[in-house]
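Novice: Given next are the chains, with one letter for each unit.
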Amino acid sequence: KAGVTQTPRYLIKTRGQQVTLSCSPISGHRSVSWYQQTPGQGLQFLFEYFSETQRNKGNFPGRFSGRQFSNSRSEMNVSTLELGDSALYLCASSFVAADTGELFFGEGSRLTVL
Amino acid sequence: SQQGEEDPQALSIQEGENATMNCSYKTSINNLQWYRQNSGRGLVHLILIRSNEREKHSGRLRVTLDTSKKSSSLLITASRAADTASYFCATDGVAGGTSYGKLTFGQGTILTVHP
Chain Z
1 KAGVTQTPRY LIKTRGQQVT LSCSPISGHR SVSWYQQTPG QGLQFLFEYF SETQRNKGNF
61 PGRFSGRQFS NSRSEMNVST LELGDSALYL CASSFVAADT GELFFGEGSR LTVL
Chain E
1 SQQGEEDPQA LSIQEGENAT MNCSYKTSIN NLQWYRQNSG RGLVHLILIR SNEREKHSGR
61 LRVTLDTSKK SSSLLITASR AADTASYFCA TDGVAGGTSY GKLTFGQGTI LTVHP
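Going down the list, the protein sequences come from chains Z and E.
Going by the working numbering, the first sequence opens with residue 1, and the numbers climb by one from there.
Going by the working numbering, the second sequence opens with residue 1, and the numbers climb by one from there.
Hints were generated in silico from the structure; no laboratory data involved.
Hints may contain errors.
Stated by the list, open to error - Beta-carbon label-pair distances, calculated as ranges:
(1) E:Lys-56 x Z:Gly-16: 45 to 55 Å
(2) E:Asn-18 x Z:Thr-20: 21 to 31 Å
(3) E:Asn-52 x Z:Asn-59: 40 to 50 Å
(4) Z:Tyr-10 x E:Gln-14: 12 to 22 Å
(5) Z:Thr-20 x E:Asp-66: 35 to 45 Å
(6) E:Glu-15 x Z:Phe-60: 34 to 44 Å
(7) Z:Leu-83 x E:Asn-52: 25 to 35 Å
Claimed, not checked - Beyond 10 Å from chain Z on every Cβ pair, some chain E residues (computed):
(8) Ile-13
(9) Ser-58
(10) Lys-102
This structure is a prediction, so every number in the text was calculated from the model and none was measured.
Backbone N, C-alpha and C fix where the C-beta goes; we use that ideal spot for every residue, glycine too.
Chain E with its partners taken away, still in its complex shape:
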């Protein structure tokens, strides 16, 4: 079953605009991660935020985490056409333990950035 629900399912923007994707999850977590997938390819890790962190930055990416609401957001600033991809949030679904390689993924947001 999918723990993460992502919103919106699809997002279409122009180059230079910011893109915001949201993710909600159901259980307690150790960390939440965001991954990117180009069409039909493997997933690429973008950023990991731990349950005791509220915000994290990496280049043009900004992730927030609200454990009280069980939600996270991914902001991509100054989007480029090369950012066109599907974006997934993933949680380990355990708190204080280990899920031994098991991440629960959301359904993803398809981002299209028009040149």
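Extracted from the complex, chain Z is given alone in its bound form:
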């Protein structure tokens, strides 16, 4: 069974640009969560989608958005990039809908903003 796939793995952007990251969950998993990991703030929850609906959102500005497609694949978008957005962005999928149990993480997309 294939794991969670995130693309691209690495990318470099400049301030003011926007970026779209993609996540394909494990087959059969309908819940997809996104996390940002930085050395200073650690792992922080961005948002979670289930059946194309955002069910939960972390404390991030509106420049961070996401969506989920009918095949459970998810994308997140960051507009008007800032230097502080440089981070490892991790996607995680889960089979269980009603309880936050084990999450299966992808390898992440490492974003560098110059």
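Chain Z is fixed; fit chain E onto it per the hints.
Specialist: Frame of chain Z; chain E shown alone:
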């Protein structure tokens, strides 16, 4: 904000020794989980312990949970060089409900196991 505080921040041991990491959290929980992360990679789930459990074992891992103290510990026995990684505890931060994919992670313990 980080709900979990982990102790120690870094731990260096020799192969064959045991490694113990501790985690404290602030709110009521349904479950607490431990994850492992190799440098710059994704997180790998190690073990989940529910709020009504006190101890759980999985291979060389032993996790304890004390909800009265809001703390947990992860013990790795007979450590190997391949155990070198960062270890994070994570809580769902709700009791009796669902956090819809949101886990609150500690800052992690960096474990180095020397061959």
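Novice: Run the structure past the numbered hints and jot down the numbers of the failing ones, going up.
Specialist: 2, 3, 4, 7, 10
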